[in-house]
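Protein chains in written order, with the numbering used here: chain Y, 1 to 260; chain U, 261 to 520.
Hints are computed from structural coordinates only; laboratory data are not their basis. There's no promise every hint is true.
Footprint (simulated), chain Y over chain U, 3 or more residues, beta carbon under 8 Å [what the hints assert, rightly or not]: (1) 314–326; (2) 330–342; (3) 352–360.
Note that beta-carbon positions come from the ideal geometry of N, C-alpha and C, so glycine has one too.
Protein chains: 2
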Amino acid sequence: MTLKYYHAEPLANSLKSMIPLREKGLAYESHYVDLHRFEQHSDWFVRVNPEGQVPVLDHDGTIITHTTVINEYLEDAFPDDNPADGPLRPRDPVGAARMRYWNKFVDEQVMNFVSMHGWHRLIRQITKSIEEDRFEEIMSHVPLPDQRAKWRTARSGFAQKDLDHAMEKIDYALVKVEAQLGETAYLAGDAYTLADINFYSHCGVMANRMFPDLDVDTRFPNLVGWRERISDRPAVQAALTSEDRTQPGLRTWSGDGREE
Amino acid sequence: MTLKYYHAEPLANSLKSMIPLREKGLAYESHYVDLHRFEQHSDWFVRVNPEGQVPVLDHDGTIITHTTVINEYLEDAFPDDNPADGPLRPRDPVGAARMRYWNKFVDEQVMNFVSMHGWHRLIRQITKSIEEDRFEEIMSHVPLPDQRAKWRTARSGFAQKDLDHAMEKIDYALVKVEAQLGETAYLAGDAYTLADINFYSHCGVMANRMFPDLDVDTRFPNLVGWRERISDRPAVQAALTSEDRTQPGLRTWSGDGREE
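Extracted from the complex, chain Y is given alone in its bound form (with noise of 0.2 Å):
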């Protein structure tokens, strides 16, 4: 048996299933795809997901996409491996559809509103130096039409109301998950599960550093007691500190870097 996962830097969607993976104890071949050098739209990579996005799963030779997904996937695919702690997919159903009611708010009203400022912070950075020809043949080769659009608006910045109303989307989020910590351990109850993992890797584990502003740490005590259970776990300490090849001048996503 044979994983390979295809991934960037361990933050965001390359995050959230490496962690399962890491929770899991699979051994995977890991295959870092830079996306600095836009190796995720090149012909080899094409070929593995046609539509040219990290992270992808390959087992045995079948192709999953979109970590959601990818990590159901693998609660399916490998029912026996679990962490100590216990599935990180509830096996009563109803624990099952709390964690996928997060996994959905997550998906549809919080990754896309962290990525538009990760976009707007890291993308015109990586693009502005490049000439306008280069830049439209880099754009030939991305297979899906949103893709390319959110490439156009990051390369020329987002405009600043969708930025704010980004930004308004999550603060939103951050108050509702801290309500439910006051009720609940964890998102989807008392125990761990995929719905902490992609709120962490989309937005818990850096918004008080991508986003000072909101004044995360006094203002979600809740999250932030959250946030460290789930950094000291033992695979998301191995996750985290896997490859990263961002320049440390561009690591304004994560917050390690500084704004040009």
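With the hints as your guide, set chain U onto chain Y.
Relative to chain Y, chain U alone:
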């Protein structure tokens, strides 16, 4: 065991979870929620679902919301109640992943864009005769900020560029579905699954009537055959002919009425 299903007309979200209930032969109490009278924002309904949205499944007092979550819940909670041609969620991990890939596509790339056109036609008609004070009073009962924004936009009319973009997304989805149905009998493979029910309910069942300019019945023969196979299913027939209190003149969404 008591199942209650709170729903509006058998179209879009309300249809999407009604079909699995029927396919699985599960007896349920039908609770009609009258969207034309804003009953989804009423005190009694917001006590059922604090988000003020239909449909809702109540299983012995446990509330499950969001149709993709409800439909997976029904598979988890009633694994042995299946239509004669097999379960609605494939039992093999790869089949389940294919189903979730398509569910995610419909949830994120199709549903809101068809919905925008439906709201643009229907909600404008419903709200245009309402005085400003009364409209603001109605808005004060809408729990979700995003939904309030959508109501306001629908009342004044969506921007043409947003409607055009939505139409591009719908056309893209129809082309993608047509290609898939050229390779497999159903979206996730050879079996009818929740993914088919999802696309059917949000787009497939009414795209030809709702968007005559798209020439669905001419351009997408695979989709037409698939639509007819699904429409012929007794469970789907039973759902489609359930209660519909929409005034005939307002059936612009389903295409049964004419735009005024």
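Each hint tested on the structure:
1. Against chain Y, the stretch 314–326 of chain U contributes 4 residues with a C-beta closer than 8 Å to a partner C-beta. That satisfies the three-residue criterion, and the hint holds.
2. Counting residues of the stretch 330–342 of chain U whose beta carbon lies closer than 8 Å to any beta carbon of chain Y gives 5, which meets the minimum of three for the stated coverage.
3. Taking a C-beta to C-beta cut-off of 8 Å, the stretch 352–360 of chain U contributes 5 residues in contact with chain Y, enough for the three needed, and the coverage statement holds.
Violation of the numbered hints given earlier is absent; every hint is satisfied by the structure.
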